[in-house]
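**Q** If you want the building blocks of each chain, they are given just below.
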Amino acid sequence: MSDSGEIWVIGEQRLGRLEEVSLELLSKGTALSQRMGVALSAVLLGDEVEEIARELVFHGAEKIYLLEDAQLRYYQSEAYARLLAGVIKDHEPQVVMIGATEIGKELAPRVAAKLRTGLTAHCIDLYVGEVDAAPHLIHVVPGWGGNLVMHIICPQKRPQMATVKPGVLPRAVRDENRKGKIIRVKPDIGDEDFSRIETVEVVEEPPRGKPLESADVVVCGGWGMNALGGFSMVQELADILGGAVAGTRPAMDKGWVGEARMIGQSGKTVSPGLFVSLGASGAMHYTTGFMGSKVILAVDQNLQAPIFQVADIGIVGDLCEILPCLTMELKKDRMPKKF
Amino acid sequence: MGLEIFVCIKQVPHPDHFSEIHVDVGKGRVIGEGIPVIMNPLDRHALEEGLRVKERFSGRITVIRMGRPRVQKAVEEALAMGADRAVLLYDTAFARPDTLATAFTLFYAIRKLGKFDLIYCGNETVDSGTAQVGPMLAELLDIPQVSSVQEVSFVDEKSLEVRRAWEHGHMKVRLKLPALLSVTRDINTPRLPTVQGIMEVPQKEVIIWNAKDIGAPLENVGLKGSSIYAAGIHEYKTDRRREMMQGSTEEKAQRAVARLKELGAI
Numbered sequence: 003m004s005d006s007g008e009i010w011v012i013g014e015q016r017l018g019r020l021e022e023v024s025l026e027l028l029s030k031g032t033a034l035s036q037r038m039g040v041a042l043s044a045v046l047l048g049d050e051v052e053e054i055a056r057e058l059v060f061h062g063a064e065k066i067y068l069l070e071d072a073q074l075r076y077y078q079s080e081a082y083a084r085l086l087a088g089v090i091k092d093h094e095p096q097v098v099m100i101g102a103t104e105i106g107k108e109l110a111p112r113v114a115a116k117l118r119t120g121l122t123a124h125c126i127d128l129y130v131g132e133v134d135a136a137p138h139l140i141h142v143v144p145g146w147g148g149n150l151v152m153h154i155i156c157p158q159k160r161p162q163m164a165t166v167k168p169g170v171l172p173r174a175v176r177d178e179n180r181k182g183k184i185i186r187v188k189p190d191i192g193d194e195d196f197s198r199i200e201t202v203e204v205v206e207e208p209p210r211g212k213p214l215e216s217a218d219v220v221v222c223g224g225w226g227m228n229a230l231g232g233f234s235m236v237q238e239l240a241d242i243l244g245g246a247v248a249g250t251r252p253a254m255d256k257g258w259v260g261e262a263r264m265i266g267q268s269g270k271t272v273s274p275g276l277f278v279s280l281g282a283s284g285a286m287h288y289t290t291g292f293m294g295s296k297v298i299l300a301v302d303q304n305l306q307a308p309i310f311q312v313a314d315i316g317i318v319g320d321l322c323e324i325l326p327c328l329t330m331e332l333k334k335d336r337m338p339k340k341f
Numbered sequence: 087m088g089l090e091i092f093v094c095i096k097q098v099p100h101p102d103h104f105s106e107i108h109v110d111v112g113k114g115r116v117i118g119e120g121i122p123v124i125m126n127p128l129d130r131h132a133l134e135e136g137l138r139v140k141e142r143f144s145g146r147i148t149v150i151r152m153g154r155p156r157v158q159k160a161v162e163e164a165l166a167m168g169a170d171r172a173v174l175l176y177d178t179a180f181a182r183p184d185t186l187a188t189a190f191t192l193f194y195a196i197r198k199l200g201k202f203d204l205i206y207c208g209n210e211t212v213d214s215g216t217a218q219v220g221p222m223l224a225e226l227l228d229i230p231q232v233s234s235v236q237e238v239s240f241v242d243e244k245s246l247e248v249r250r251a252w253e254h255g256h257m258k259v260r261l262k263l264p265a266l267l268s269v270t271r272d273i274n275t276p277r278l279p280t281v282q283g284i285m286e287v288p289q290k291e292v293i294i295w296n297a298k299d300i301g302a303p304l305e306n307v308g309l310k311g312s313s314i315y316a317a318g319i320h321e322y323k324t325d326r327r328r329e330m331m332q333g334s335t336e337e338k339a340q341r342a343v344a345r346l347k348e349l350g351a352i
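From first to last, the protein sequence lines are chains A and B.
Residues in the first sequence are numbered from 3 upward in steps of one, following the numbering used here.
Residues in the second sequence are numbered from 87 upward in steps of one, following the numbering used here.
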């Protein structure tokens with residue numbers, strides 16, 4: 003029986019826990035498989051991870067290709083890449099989606115190079131659309147300038163591969179009644195797969211400061227904070243709002259925030275109840291990182307800045323004047339009422 | 087006997103001028119002419135790491151760049167920092183590549199350069215930011231590779247232990263040379279070029295190679311060798327209120343806070 007032409011999601015588990023992005027890929031995979039009339043399958047590598055395989059089924063995968071071995075307990079760059087490329091060659095899916103995690107960003111290009119196929123980087127959406135009157139899978143990635151995106155297609159090579167940015171797509175709905183088939187694939191590995199490179203230790207570290215991803219309020223400063231000599235005002239606003247501090251890429255280059263707190267295409271994606279953007283013009287590479295926020299407040303000195311196109315509430319003005327005012331108003335609002 | 091070290095670098099628009107880059111939506115082209123360029127910031131960390139390894143074990147550092155020779159800012163900066171020589175890959179056949187076609191171009195050049203011990207790349211560039219070329223190049227060269235490298239220690243001259251970042255902490259990876267490392271900014275603080283370093287730049291060797299020089303089959307490089315294409319540039323539809331606060335500075339702040347309360351955001 004030929005199973006070629008399926009939509010595939012590469013499930014990612016670390017230390018026996020499924021990465022959220024795998025569930026996000028399954029929601030997109032479900033939509034694509036319905037639209038294209040093909041099956042949705044997932045691949046999972048690890049050691050004793052059948053329970054996770056079942057979770058993938060509950061979230062929409064019809065088939066799971068499960069590769070288990072004690073030597074696959076940790077992510078292993080050569081073994082994982084070789085096994086994935088092998089199972090893809092054997093079953094010929096037409097689409098392969100991988101989460102653009104720290105591991106996915108290393109693994110996906112290695113697999114794509116083995117298969118000599120194209121790989122779109124860090125998509126924010128994928129859908130079936132028309133290009134020059136022909137149907138294509140359109141990979142949407144952030145483009146230059148404010149709210150512009152590029153549409154990427156992979157017309158010839160198969161599978162068409164894409165990494166997808168975590169935190170952008172909604173996660174699939176869990177349904178324990180869903181049935182799926184777990185297909186065990188015996189991993190053909192040997193010591194030579196680990197002789198040149200081996201992950202020997204995986205260390206978890208508790209996040210420093212208020213975690214960005216789970217914060218209700220995120221206050222993010224950009225290059226414009228230079229006018230105030232740095233980030234103290236960003237921190238103060240975040241403290242008043244009980245939120246987390248973040249920065250744009252230029253702010254990180256300035257050393258105002260660490261890499262772990264950079265918002266955008268190559269940084270973090272957040273979807274808080276309130277996102278406050280201070281002194282950032284709003285390039286798509288940045289705005290991609292907070293599109294899912296419930297309410298967006300933007301403050302910048304330039305009325306033409308694209309940030310105001312993606313904001314709910316905009317304030318144009320000199321940051322040195324506006325920010326102290328805004329801080330005072332918010333403080334007033336937060337004061338306990340006297341009776 | 088020293089180590090043969092290659093550092094792949096890219097010349098990118100200066101991030102301070104990103105807002106000046108505009109897009110011709112009709113033609114589907116990105117226009118960034120006349121914008122100041124620099125060496126990709128993470129590539130400076132890659133070069134610094136190479137320089138430190140050379141200082142410890144002795145060796146030679148070759149920087150490799152694909153791009154137009156007209157502006158040589160990145161190569162000059164790399165030579166001034168201490169790289170021994172540069173290879174510039176330029177050919178109209180190399181133009182408009184996807185990441186795999188870029189990796190292939192670098193692969194043919196490295197194959198021509200011959201034996202090496204270490205290749206360093208920046209983990210990603212500030213312009214396209216795919217983080218793909220390093221792992222793809224390593225795959226084509228059939229050598230081990232690690233991304234997001236934060237720390238490197240030599241177990242001996244032929245093997246390394248590296249610390250690489252992941253979302254929830256870090257991993258320790260052991261690997262044998264020859265290898266490719268894609269580095270993050272945590273790994274070191276890049277040196278600034280010294281006056282002497284800048285003075286020495288004109289004496290250093292810059293090799294310019296085209297597709298024929300490196301024996302690159304045209305079907306594997308540039309636009310022709312690319313599997314993925316930009317099919318167009320479009321406006322991203324967002325469903326936002328776009329309310330601009332009016333009045334004096336105080337009024338704007340008051341109105342914004344009032345609206346945030348109405349929307350239940352605070």
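The set of hints was computed from the structure by calculation and includes no laboratory data.
Backbone N, C-alpha and C define an ideal beta-carbon position, used for all residues, glycine too.
Honestly, I wouldn't trust all of these hints.
Unchecked claim - Pair by pair, the computed Cβ-Cβ distance ranges are:
#, chain 1, residue 1, chain 2, residue 2, range
1, A, L17, B, V157, 30 to 38 Å
2, A, K333, B, S245, 50 to 58 Å
3, B, H320, A, I184, 49 to 57 Å
4, B, I117, A, E178, 34 to 42 Å
5, A, G257, B, G200, 36 to 44 Å
**Q** Hint by hint, note whether the structure agrees.
**A** Structure-based check of each hint:
1. A beta carbon spacing of about 47 Å between L17(A) and V157(B) contradicts the range 30 to 38 Å that was offered as a hint.
2. For the pair K333(A) and S245(B), the beta carbons lie near 57 Å from each other, so the given range of 50 to 58 Å is met.
3. A C-beta distance of roughly 40 Å is found between H320(B) and I184(A), which places it outside the suggested range of 49 to 57 Å.
4. Between I117(B) and E178(A) the Cβ separation comes to about 53 Å, which falls outside the hinted range of 34 to 42 Å.
5. With their beta carbons about 40 Å apart, G257(A) and G200(B) fall inside the hinted range of 36 to 44 Å.
Of the numbered hints stated above, those contradicted by the structure are hints 1, 3 and 4, listed in ascending order.
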